[in-house]
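K.L.:
Each chain is listed here by its residues.
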Amino acid sequence: MTKNILLSAKGLSKSFGGIKAVNNATIELKSGSITGLIGPNGAGKTTLFNLLANFYTPDRGEVIFASKPIHQLPTHKIARQGMVRTFQVARVLSRLSVLENMLLAPQKQTGENIIKVWLDRKTIKKEEKLNREKAMSILESVGLDSKAKDYAGALSGGQRKLLEIARTLMSDPKLILLDEPAAGVNPTLINQICDHIVNWNKAGISFLIIEHNMDVIMSLCDRIWVLAEGSNLADGTPEEIQNNPHVLEAYLGQ
Amino acid sequence: MLNFIINLSNNSGYIVSLTILTSVFAIFALGLNLQWGFSGLINFGHIAFMTIGAYTTVMLSLSGVPLIVAVIIGAGLAALLGFFIGISTLRLREDYLAIVTIGVSELVRLVANNEEWLTRGVQGVRRYQIPFVDWEPGILGKVIAIALLTGIAIFAQWQLLRGIKNQFKEYRSVQNKSYQPTKPIVCIIWGAIATIVILFIYINGIISLYNYHYQAGLMVLALLILALVYSGLEILVRSPWGRVIKAIREDEEIARALGKNVFFYKLQAFMLGGAIAGVAGSFYAWQLNAVYPTSFEPLQTFNAWIIVVVGGAGNNPGTILGAIIFWTYDAVTRFLLPQLGIDNARLSALRIMVIGLILMILVMWRPQGILGKKEELTLGK
Ligand SMILES: Nc1ncnc2c1ncn2[C@@H]1O[C@H](COP(=O)(O)OP(=O)(O)OP(=O)(O)O)[C@@H](O)[C@H]1O
Ligand SMILES: [Mg+2]
Numbered sequence: 000m001t002k003n004i005l006l007s008a009k010g011l012s013k014s015f016g017g018i019k020a021v022n023n024a025t026i027e028l029k030s031g032s033i034t035g036l037i038g039p040n041g042a043g044k045t046t047l048f049n050l051l052a053n054f055y056t057p058d059r060g061e062v063i064f065a066s067k068p069i070h071q072l073p074t075h076k077i078a079r080q081g082m083v084r085t086f087q088v089a090r091v092l093s094r095l096s097v098l099e100n101m102l103l104a105p106q107k108q109t110g111e112n113i114i115k116v117w118l119d120r121k122t123i124k125k126e127e128k129l130n131r132e133k134a135m136s137i138l139e140s141v142g143l144d145s146k147a148k149d150y151a152g153a154l155s156g157g158q159r160k161l162l163e164i165a166r167t168l169m170s171d172p173k174l175i176l177l178d179e180p181a182a183g184v185n186p187t188l189i190n191q192i193c194d195h196i197v198n199w200n201k202a203g204i205s206f207l208i209i210e211h212n213m214d215v216i217m218s219l220c221d222r223i224w225v226l227a228e229g230s231n232l233a234d235g236t237p238e239e240i241q242n243n244p245h246v247l248e249a250y251l252g253q
Numbered sequence: 000m001l002n003f004i005i006n007l008s009n010n011s012g013y014i015v016s017l018t019i020l021t022s023v024f025a026i027f028a029l030g031l032n033l034q035w036g037f038s039g040l041i042n043f044g045h046i047a048f049m050t051i052g053a054y055t056t057v058m059l060s061l062s063g064v065p066l067i068v069a070v071i072i073g074a075g076l077a078a079l080l081g082f083f084i085g086i087s088t089l090r091l092r093e094d095y096l097a098i099v100t101i102g103v104s105e106l107v108r109l110v111a112n113n114e115e116w117l118t119r120g121v122q123g124v125r126r127y128q129i130p131f132v133d134w135e136p137g138i139l140g141k142v143i144a145i146a147l148l149t150g151i152a153i154f155a156q157w158q159l160l161r162g163i164k165n166q167f168k169e170y171r172s173v174q175n176k177s178y179q180p181t182k183p184i185v186c187i188i189w190g191a192i193a194t195i196v197i198l199f200i201y202i203n204g205i206i207s208l209y210n211y212h213y214q215a216g217l218m219v220l221a222l223l224i225l226a227l228v229y230s231g232l233e234i235l236v237r238s239p240w241g242r243v244i245k246a247i248r249e250d251e252e253i254a255r256a257l258g259k260n261v262f263f264y265k266l267q268a269f270m271l272g273g274a275i276a277g278v279a280g281s282f283y284a285w286q287l288n289a290v291y292p293t294s295f296e297p298l299q300t301f302n303a304w305i306i307v308v309v310g311g312a313g314n315n316p317g318t319i320l321g322a323i324i325f326w327t328y329d330a331v332t333r334f335l336l337p338q339l340g341i342d343n344a345r346l347s348a349l350r351i352m353v354i355g356l357i358l359m360i361l362v363m364w365r366p367q368g369i370l371g372k373k374e375e376l377t378l379g380k
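Chains A and B supply the protein sequences, listed in that same order. Each residue of the first sequence is one higher than the one before, starting from 0 at the first, in numbering that gives the first Met the number 0. Each residue of the second sequence is one higher than the one before, starting from 0 at the first, in numbering that gives the first Met the number 0.
Treat the hints with care, since some could be wrong.
Derived CB-CB ranges, DEER-like [stated by the list, open to error]:
#, chain 1, residue 1, chain 2, residue 2, range
1, B, Ile357, A, Lys121, 30 to 38 Å
2, B, Ala191, A, Lys121, 48 to 56 Å
3, B, Arg365, A, Ile18, 53 to 61 Å
4, A, Arg131, B, Ser87, 55 to 63 Å
5, B, Thr181, A, Lys124, 26 to 34 Å
6, A, Lys121, B, Ile138, 54 to 62 Å
7, B, Phe263, A, Ile4, 55 to 63 Å
8, B, Pro297, A, Lys133, 24 to 32 Å
9, B, Phe334, A, Val88, 50 to 58 Å
10, B, Phe334, A, Arg131, 32 to 40 Å
11, A, His211, B, Leu160, 52 to 60 Å
12, A, Val88, B, Thr181, 29 to 37 Å
Residues from chain A that keep clear of chain B, each with C-beta distances beyond 10 Å, as calculated [stated by the list, open to error]:
#, residue
13, Ser32
14, Ala52
15, Phe54
16, Lys148
17, Asn242
The set of hints was computed from the structure by calculation and includes no laboratory data. No residue lacks a Cβ here, since even glycine has one placed at the ideal position from N, Cα and C.
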């Protein structure tokens, strides 16, 4: 049973000065699942993501990913373990092309080694070709293939969100952390994103999703964790959460 | 035509040193372009790397170390300086790097000025070994040198044509893109100018190799190293490594989220840029014949910035173009202005003023530099 657990974080805490942004929070998700993380504004969801992905060092607590403690690792090694995050406000590399944005993501590229750039050009060329094909097919699936050679900075907000999600896929992750993938995206596109998430999930990728759009959360997730004022409020299946009086109270206020 | 060639051969020595200076500053600025143009690292003390390369080369060769080894050690020490600056500041916010580079460059200048046991201080270093000085080429030697020069000229022209061809291709595939590529006519004009420059340097090079003087040999070597540094950098910035570096320039959080060791990449770029400036320093020392601390004023850092900005940041051909423009400007004003009856003291002030003016006009008219892309300035994060 425990073998099935992909990510488990226990007792995570993080304060900014006097604010306890995350206070003794716990989260756990199974391999192959789509898990939701909800809570009112300022509940500490994004901060919790930052702790999981080691963008912030936790004051206390531990993060176990794929049976390995990762909270001591440097930030850049997290992606190599197979966990990639997106940002609440989509971040793209403006002055690089959409395709280059995609090609940045694969891990352990030979051509990232400055010496091999000059000495092993053949291998690099081969890798680049494969990565480019993969990138184009992912871009095609999210409808950005016609933009491949354009600057990423010229994309609209929704397109940037798509690009950011597509980019995480390029690094062959086990788990993708999505921070509000549906925020600022039109309803048709939201449906498309949801379909993609389901498809990618079938292909074996797990998701942890922060989202205020309850339709998205309820339709996608196997399990939902609720955070309020930095601490766990509840967790359970979508039905359990929908009928939990504490959750309604936290969202609607008293 | 004959007139032109006679004229050229009378001035060929001057044009040879101009070519060497241009190559030296092109190499120097290519180092800065890697650091700032591609990696976004602000280096306001670039001259420090050149100083270290120059002094190491001349002092070591004076004590009998072979020239090649001296140059390599000079570049290595320049990279080491980059390493120490890098590990202390590259983890911090970017402005710290800018401030520390200013400080370190001043420190290096003071050492060159005052530590006489190491650098001979203000009296400077003279009579050091310079490549080709004792070389008396026979016919074979000259033929080899000319063949080498021809090879470099063909390489340059080939690079130029390839660049123009790519611009054409981009222009034709303009649909579905949010930006406006350079118009073909503009490409052709620039291509023609560049071709004339290449031909000019080539013909003058052949003349000077024929009437051999050691500077002609130095020129071929400087052009060769420039070609090597340029092509090495072009491969690098188009590789996955270059992509990571550019990504860090854009937004290092993204690079980090995607598993790139941001600090390490910045350090590599900074050190390599420093090492390249170190190599430029060796050639600068050879061209100068004698090195004094005053040859390495902070103004040289500023000159490298001008070259990069004029050519277009993050564009290697642009940087070479910038160096050519910079030294053409220098030569033209040095010869033309005195003929207008302006005395020397006013002259140097005027020249700097005009540089300032040109920069202001450039920033208003073409802030991205001559070969830069405008969209790269206006795209929001
Ligand atoms: N870097 C920071 N420095 C100081 N305070 C911070 C920082 N990041 C977050 N906080 C504070 O921590 C609390 C939780 O913020 P967080 O961004 O995690 O909320 P959230 O649940 O993601 O909210 P939202 O749904 O609005 O995105 C807030 O009170 C916020 O002001
Ligand atoms: Mg948030």
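K.L.:
For every hint, state whether the structure bears it out.
P.N.:
Structure-based check of each hint:
no.: 1; hint: B:Ile357 / A:Lys121: 30 to 38 Å; verdict: violated (45 Å)
no.: 2; hint: B:Ala191 / A:Lys121: 48 to 56 Å; verdict: violated (37 Å)
no.: 3; hint: B:Arg365 / A:Ile18: 53 to 61 Å; verdict: violated (47 Å)
no.: 4; hint: A:Arg131 / B:Ser87: 55 to 63 Å; verdict: violated (38 Å)
no.: 5; hint: B:Thr181 / A:Lys124: 26 to 34 Å; verdict: holds (28 Å)
no.: 6; hint: A:Lys121 / B:Ile138: 54 to 62 Å; verdict: violated (41 Å)
no.: 7; hint: B:Phe263 / A:Ile4: 55 to 63 Å; verdict: violated (32 Å)
no.: 8; hint: B:Pro297 / A:Lys133: 24 to 32 Å; verdict: violated (48 Å)
no.: 9; hint: B:Phe334 / A:Val88: 50 to 58 Å; verdict: holds (56 Å)
no.: 10; hint: B:Phe334 / A:Arg131: 32 to 40 Å; verdict: violated (52 Å)
no.: 11; hint: A:His211 / B:Leu160: 52 to 60 Å; verdict: holds (55 Å)
no.: 12; hint: A:Val88 / B:Thr181: 29 to 37 Å; verdict: holds (33 Å)
no.: 13; hint: Ser32; verdict: holds (22 Å)
no.: 14; hint: Ala52; verdict: violated (7 Å)
no.: 15; hint: Phe54; verdict: violated (8 Å)
no.: 16; hint: Lys148; verdict: violated (7 Å)
no.: 17; hint: Asn242; verdict: holds (36 Å)
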